[in-house]
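A.B. asks: If you want the building blocks of each chain, they are given just below.
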Amino acid sequence: MNIRRTLLLAALLGTSAMAAQAQTLRIGLESDPDALDPDKSRTFVGRIVFTALCDKLIDVTPDLKLVPQLATEWSVSEDGKTVDMTLREGVVFHDGTPFDGEAVKANIERSQTLEDSVRKSEVSSITEVEVVDPTHVRLRLSAPDAPLLAQLADRSGMMMSPAAFDDDFSAQPVCSGPFKFKNRVAQDKIELEKFADYWNADQIKVDAVSYLPIPDSTVRLANLQSGDLDLINRLAATDVEAVKSAGNLKYERADGLGYQGITFNTNNGAKADNPFGQDPKLRQALSLAIDRNAINQVVFAGLNAPASQFVPAVSPFFDPAYPVPERDVEKAKALLAEAGIEGGIDLELQFPNRPESQQVVQMIQAMAAEAGINITLTAKEFATMLADQAAGDFQASQVGWSGRIDPDGNIYGFVTTGGGFNDGKYSNPEIDRILGEARAVSDEAARKDLYKQANQILQTDLPLFYLYNEAWLYGVSDKVAGFTPSPDGMIRLEGVSLSE
Amino acid sequence: MNETAATDPVLSKRPQSRVWRKLRGHRSAMFGAVLVGMFVLLALAAPILPVPDPAAVDWTAIRQPPSAAHWLGTDELGRDQLSRMIWGARASLMAGVVSVGIAIVIGVPLGIIAGYFGGWTDAVISRCTEALLAIPFLILAIALAAFLGPSLTNAMIAIGIAATPVFIRLTRGQAINVASEDYVESAHAIGLSTGVILRRYIFPNVLPPILVQATLTVASAIIAEASLSFLGLGQQPPAPSWGAMLNVAKGFMTQAPWMALWPGIAIFLVVLGFNLLGDGLRDALDPRED
Amino acid sequence: MLTYLARRVMIAIPTLILISIFVFALQKMLPGDPVLALAGDDRDPETLARLRELYHLNDPIWMQYLQWVKNALQGDLGRSIRTGLPVSDMIAQKLPVTIQLAVMSMIFAAAIGIPAGIISAVKKGTITDYAANVIALSGLSIPNFWLGIMLILLVSVKWRLLPASGYVPLSEDPVQSIRTMLMPAFVLGTALAASLMRHTRSAMLGVLRQDYVRTARAKGLAERRVIMHHAFRNALTPVVTLMALLFGELIAGAVLTEQIFTIPGFGKMVVDAVFNRDYAVVQAVVLVTALGFILMNLLADLAYVALNPRLRTG
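Going line by line, the protein sequences match chains X, A and W. Just so we're aligned: 445 in the numbering used here is position 445 of the first sequence, and the numbers increase by one with no gaps anywhere. In short: position in the second sequence from 1, add 500, done, that's the numbering used here. In short: position in the third sequence from 1, add 790, done, that's the numbering used here.
Since the hints were made in silico from the structure, they are not lab data. Among the hints, a few may not be true.
[Stated by the list, open to error] From the structure, some residues in chain A lie toward chain X, with a derived Cβ separation under 10 Å:
| id | residue |
| --- | --- |
| 1 | C628 |
| 2 | A646 |
| 3 | G673 |
| 4 | Q736 |
[What the hints assert, rightly or not] One-sided and incomplete, this derived list gives chain W residues near chain A with beta-carbon spacing under 10 Å:
| id | residue |
| --- | --- |
| 5 | I968 |
| 6 | H1019 |
| 7 | I1084 |
[As the list claims (entries may be wrong)] In silico DSS-like pairs for lysine-lysine, Cα to Cα no more than 30 Å straight-line:
| id | chain 1 | residue 1 | chain 2 | residue 2 |
| --- | --- | --- | --- | --- |
| 8 | W | K913 | A | K522 |
| 9 | X | K244 | W | K913 |
| 10 | X | K205 | X | K65 |
The beta carbon of each residue, even a glycine, is placed where N, CA and C say it ideally should be.
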């Protein structure tokens, strides 16, 4: 009897000890990721999940330096056309397949050739992946490609197990990250569990992680407050006070790489034929009429960073010669007068129908009115807005970009002739030349100089201007320790622990 | 015309006054009527009431709780909530009435045609109606609103179209009943044209249940507009509507709960008003309920 | 009976075809497409063009429709363009969620609506009748999503009584599963209570006028017994029928409730799919919902016929 009781007690203690050990970090995301396949994924939240699931060749530090992950060393040749990489030894994928040079080759080739790969353009400069030996690869490039290393620090550099290529990868992703895939219920949760054979397993202090998409920021916060979540992504700026004042919660913040701004239709179809599309002075006037600090204070509780350049202030490529302009209504009026505008001028501004954007554009509308610019607001659903933008069916558009580590990713496609995101079809041969050159040189000082030149031209031409850089805000339970936010917005789990 | 009116069963005065008397005695219906009346008056009087401009922003006074200066507090851009509530009443009531108007204008003629003519016409209209009815109302409205683009006008059109099948079905059933009445058959016999029969006999006789349905549908249309606005597909800024105010307010539930309180209560009261009124009308028009 | 059933099924087929054509046409009219809806981050025109080609988004609509029908008949409902998962798997995952929500909501609705209906019929014309009416209609008049958010703030955040959102499968943890679903089911149930109350009331009024109720009363049976045993039992038939018919309203109501409480059911799936232009998902969900709706209507009719022997021969 006694023995049985002791055994029972031991069993009970055992299970409770195990329950205490089986710690799951529950993270609230703002939306449901798309396909869990790095070659197909296109959503930002998808990247957050991959951070735990799939290691990349290269990683990024909070001050935007490239550091080793699966590649321990790399060097770019003098002519910029070969990249030599040394690979980490003893790394295995979640299915036990060893990670080696052949795996790198297979992965890059998959990104290049898979029918529905959305990575093709990111790795298009690679003509050949040469496997020198199991721990060394050489990438041969058709031309120098400075942004390539940054791409390899994102989804293009995520390594999947070649043995799993043929299967339904999105439904059962197999990578080499600190956590392996367990289960996914669309729109409900993605569950990952710790991968015991991870090369850096010592740094992983929780047993499992679940990502729960909860689009409504109030409900996401409510879950954190009620203890049903441990960490929430995209805490609303206006909720920061509530988190601070709650005894058992804390908030974390990092400057982001992304921006929100206003893009003008300068050259895309008939709608470009409006005063704002044709005369940079009017665009300058509107920019000057806007009080970026006021927007930041009123809508974002002062937590974002007012912006006026394509890279945020954290970036080494930020140009201190162009600080955020102060609001200057008189100068805006003078510019309008210079442009021959009398008695006010009209502008149509489209924006995505999200509450934050709504607030921002309503403020802009009120501010611009004081300078004599009458803005008509048109709310559109995001998908519709992008379609209309591409079709040239807009005068001005309030739109943003989630941001990339390399400055090229924040500007090249947006302002070069024929660029993928250049919906206003702005075209300036000088800009095309400078930004093209900045892609081809790998020397950082030389690149800085080129981006400075580009910025100078763009600040006058203003085919698009910037309003603010979004900060990454997180609500964190005080049970979570060791979480450090990064400018790229990824939630890195190395060193993150959970106490009872 | 006057002669026919005297002999027409519905156009004669006595049943109408009976219905009116019953409605007046229906306490909850009267309560509903008072609620609806109050909000309609408020909406109509919006331009002459001494409230601030509903679009006037004040960044130094955002999200302030109710005070002497702002009886219902201020919103996320420092606008007076009372003023926005009053002007928002116009949008919300209009959304209810206009969308039901659309549903009636499309639905009633189609229903009468289907019910009166029968045969293939009826089969085609009925199958389409059933198909639309099998798609949940709000899903249909959301898809239509997304298709038309987010705006109050488009939300009204979307809700109107989504509410149409109910009116088709109701009118059709009613038209079938009326068409077999003796006085319609005699109208045929004396050689009145189909158009005249439809206008003079069928239409007035299908009206009472449609009136009831219309009142109740206004109630659900107001909720539907609020729901669409809540999803970002209704009234767009800076113009106010209760649903759009709720959509913004949900982001400030912890810091400024009053922002969500007023529009929520207003929607509740006005929708309750229409529901009670519609319910009372149904009782009043029901000959069994005496 | 069998011929009747056969006729009903025959009628349902053209209805379903019409629905599928209608939904197909509607989604193709939506501005933007799934490729763009996903494109917040990647909207490189070459990639977009390639994906459109790949998903046959450039084919004529009728061709896409026929292809879809062909696959659907073979049980293949396609894949979600967003998640890459098979739509049939997604439906299988979400069906039990929405059914659980529907059943629990119906329980709430019945618990409020039926007693309210009985009371107001028995106390017809009194202040109790009106009060019951106002209370039941109140549930119908409160915007679902508003009540939902208010409840989350009060019950989950302030009192810490119930989880704020999400879903736990019944098989995994029954208690937690029911706790999680309690608030959404209440929100949804209150909206339906009004219809149930209304119908219970009129059914009861009809029954209370019947001779056998008068006889029971004349025999000196307790009023309570008369009402519960004689009247209510007979009034139940139309009420049960109505509950089946309310299924459609339940699904429509679930759309927003699931959105607020982040419940991974049908309603959330279809709204998200509309916004993401995930055509295959919209099409499949609407079709399955419509099928369920038609089925429930059929069941309601059959129940009505079965419970009313007089109608069987007619």
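A.B. asks: Next step is simple, just say for each hint if it's right about the structure.
C.D. replies: Each hint, compared with the structure:
| no. | hint | in the structure |
| --- | --- | --- |
| 1 | C628 | 27 Å, violated |
| 2 | A646 | 6 Å, holds |
| 3 | G673 | 38 Å, violated |
| 4 | Q736 | 4 Å, holds |
| 5 | I968 | 25 Å, violated |
| 6 | H1019 | 25 Å, violated |
| 7 | I1084 | 6 Å, holds |
| 8 | K913(W) x K522(A) | 18 Å, holds |
| 9 | K244(X) x K913(W) | 54 Å, violated |
| 10 | K205(X) x K65(X) | 25 Å, holds |
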